[in-house]
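Protein chains: 2
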Amino acid sequence: MHTPGISITRRLRQTPFSKKVFKEGVSNFTVYNHMLLPTVFRSVEEDYHHLKNAVQVWDVACERQVEITGPDAKKLIEMLTPRDLRKLTIDKCLYAPLTNLSGGIINDPVIVKVEEDRYWISIADSDVLLWVSGIATGLSLNVRIFEPDVSILAFQGPLSNSLMQKVFGMDFDTVKLFSIVRVPFKDTSFIAARSGFSKQGGFEIYVENSTYAEGLWDVFFEAGKSLDVSAGCPNGIERVEAGLLSYGNDMTINDNPIECGLEKFCKKGIDWSTGKVKSFIGDKALKKVMEEGPKKIIRSIEMDGKPIPLCTEPWPVHFKNKKVGQITSAAFSPDFKTNVSLGMVSIEYSSGSSELEVETPDGTRLAKIHEKSFI
Amino acid sequence: MHTPGISITRRLRQTPFSKKVFKEGVSNFTVYNHMLLPTVFRSVEEDYHHLKNAVQVWDVACERQVEITGPDAKKLIEMLTPRDLRKLTIDKCLYAPLTNLSGGIINDPVIVKVEEDRYWISIADSDVLLWVSGIATGLSLNVRIFEPDVSILAFQGPLSNSLMQKVFGMDFDTVKLFSIVRVPFKDTSFIAARSGFSKQGGFEIYVENSTYAEGLWDVFFEAGKSLDVSAGCPNGIERVEAGLLSYGNDMTINDNPIECGLEKFCKKGIDWSTGKVKSFIGDKALKKVMEEGPKKIIRSIEMDGKPIPLCTEPWPVHFKNKKVGQITSAAFSPDFKTNVSLGMVSIEYSSGSSELEVETPDGTRLAKIHEKSFI
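For the record, the sequence lines run as chains S and D. Positions 0 to 374 (numbering that gives the first Met the number 0) are the ones given, in order, by the first sequence. Positions 0 to 374 (numbering that gives the first Met the number 0) are the ones given, in order, by the second sequence.
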């Protein structure tokens, strides 16, 4: 299929890094939070090999921030997620699914506590600002909710530590996953977290104030010359190998966190300071799912045969002609020399012994469930 | 600039008509409510002339529906909008901006009353489902809110009445703007409204149940052969000539309905049945804007010189080197042989006498404010 073009208007917002991204020869985009997100520079395969061997600079400004400030900010944040937030301090951010009353996933953001009574929800692709504003309006909470001028620039790849060290002159080896450090730049400083949508390691810098964006981009490209730095983006092969779920692709509002393998982020319970059980939106629904067990679950799934075509729509998964699930992301893996994918399957067919078949646009493929991701 | 490609994944949802759209040779897409919306078939100019002379079939399934049902549905709907909804009956739909506490526009949908205690909000590009669910959750309202399996197929152009008549064997000439009729199809019937995102006249059919979608498409193409029917889409030239505002392009959450010229849809006042003043979210903020008058306003604006380039980002509007506004949508109009645009300007420069200049990517253009749209 010929790749259709994308019509760029103001509604598909450009980012503070877009001029740089165009200059680096971006080939394709997707749209994420009403904003442009690059998807290909050279080719998905070339970008994949480069990501796994060097370091890339990613314009992921589309991971927009929803800022919540004010006296009721903490109360509101606690209501939004099943995750136990007692470890959310100013030197640590947390991945925390947000749920609705039915336990369905509204979004799976990273939450940053910027300072006391001030949070950033760093969001996947849905209008969390409207969800949170709706709740605050309904409950007449004393908070201010808005999208601040903060755009994330990510550095991903095995050489990301070296690149960060070159730029900021600090040692980043000891910074743990989801830990935060402040990095200086010109007359300001930014929050930098060890996080990102790849398994190659790296950082996400929360660039506050767009006027610094292009300067920061240039500094990283200049410093990274000897490290073979290049522009990149979340890679459709690597993230499937890594089992990194994409909201809107692999999970939606119709799925709950238990079905998505996110049970470990649903451990909200006793508040030790008061002894009270903490409640959140969707607590009753999720408690029921946990007690009864999920009916379906996301798995890494391998498919045999020649490289599969692009997965642009869910592909049905069958067990003896009965539909038992669907593949939602898939790619041929050059490193594993097989087709890797992510899909949701009925719990009774989710073990490795099930003989499953996937209906792809170019025919039926035998499928094998993996208990773990490929990388 | 080379048009970048769009990477289609499940997250950019295809519609029940997408296979037909691909078959008709769609060239470009945009993304709207996490769904594919065609933007070009032949060329924007060719599509424009055809729309103004014949009839087009538009896949605007991306105008998703937010269904609200239940005992508190009416109460919730009334809270959402400054529009007086007393005329919202089952044979009429209403264009009704939704506002937040600050009076900012959340969305500018059409609201359909499907039956008693059952509404569809036919939305522009933002997650109204999350906004409405948030409010209902905060207020513990007794409603069910979800996205139903309803996809709009639109018929726009001067021959749309003829096409509708050929297909359904009914006379549509007497159906007024925003009026609703039920049209029969196979073993079901659909809501059809005289509405749509062009000024060429036409209808929008709310196709309930995706399994009917391709069949309906085929019936219209078969019946429309003699009317030169073709696949089309909202046209970037025609809608600017017509002064039709696009949410996300010409207005955002940072603009209120008065600034967007939508004051006539903000007349909610006395409920005659009870004598009470009806309140809505944002009432205090909007009352203040109405009393003080808006500080900026959207206008149709003409720019001189040769055809302008694509408007992919806001262009600054200057009065003697002072920024007084921005252009958000623009195109060269083949019919008017001039550059037409929409932009928000400070109220003191919003009359036709102001000598304004616009900074476009290929230089400064003299600009002239029009009190009315071009068509």
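It should be emphasised that the hints constitute simulated quantities derived from the structure, not laboratory data. Be aware that a few hints might be false.
Here are some, though not all, of the chain D residues that point toward chain S, as calculated from beta-carbon distances under 8 Å [unchecked claim]:
hint	residue
1	G4
2	N27
3	T29
4	N32
5	I105
6	T136
7	S225
8	G247
Beta carbons are placed, not taken as given, at the ideal position from N, Cα and C, and that holds for glycine.
- Message: Holds or violated: the hint that G247/D contacts chain S, with Cβ atoms closer than 8 Å.
- Response: holds (3 Å)
- Item | Hint check, G4/D versus chain S [nearest Cβ-Cβ separation less than 8 Å] | holds (4 Å)
- Message: Next item in the hint list is N32/D. Is there a CB on chain S closer than 8 Å to its CB?
- Response: violated (10 Å)
- Item | Restraint satisfaction for I105/D [CB to CB of chain S, less than 8 Å] | With a closest approach of 7 Å, the I105/D hint holds.
- Interface hint for T136/D, Cβ within 8 Å of any Cβ on chain S: holds (6 Å)
- Under the criterion of a CB-CB separation shorter than 8 Å, is T29/D in contact with chain S as hinted? Result: holds, 5 Å to nearest chain S Cβ.
- Query: Holds or violated: is there a CB of chain S closer than 8 Å to the CB of N27/D?
  - Reply: Nearest chain S Cβ about 4 Å off; hint holds.
- Message: Restraint: S225/D near chain S, CB-CB cut 8 Å. Satisfied or not?
- Response: Cβ of S225/D sits 30 Å from chain S, so the hint is violated.
The structure does not agree with the numbered hints 4, 7 stated previously, though it agrees with the rest.
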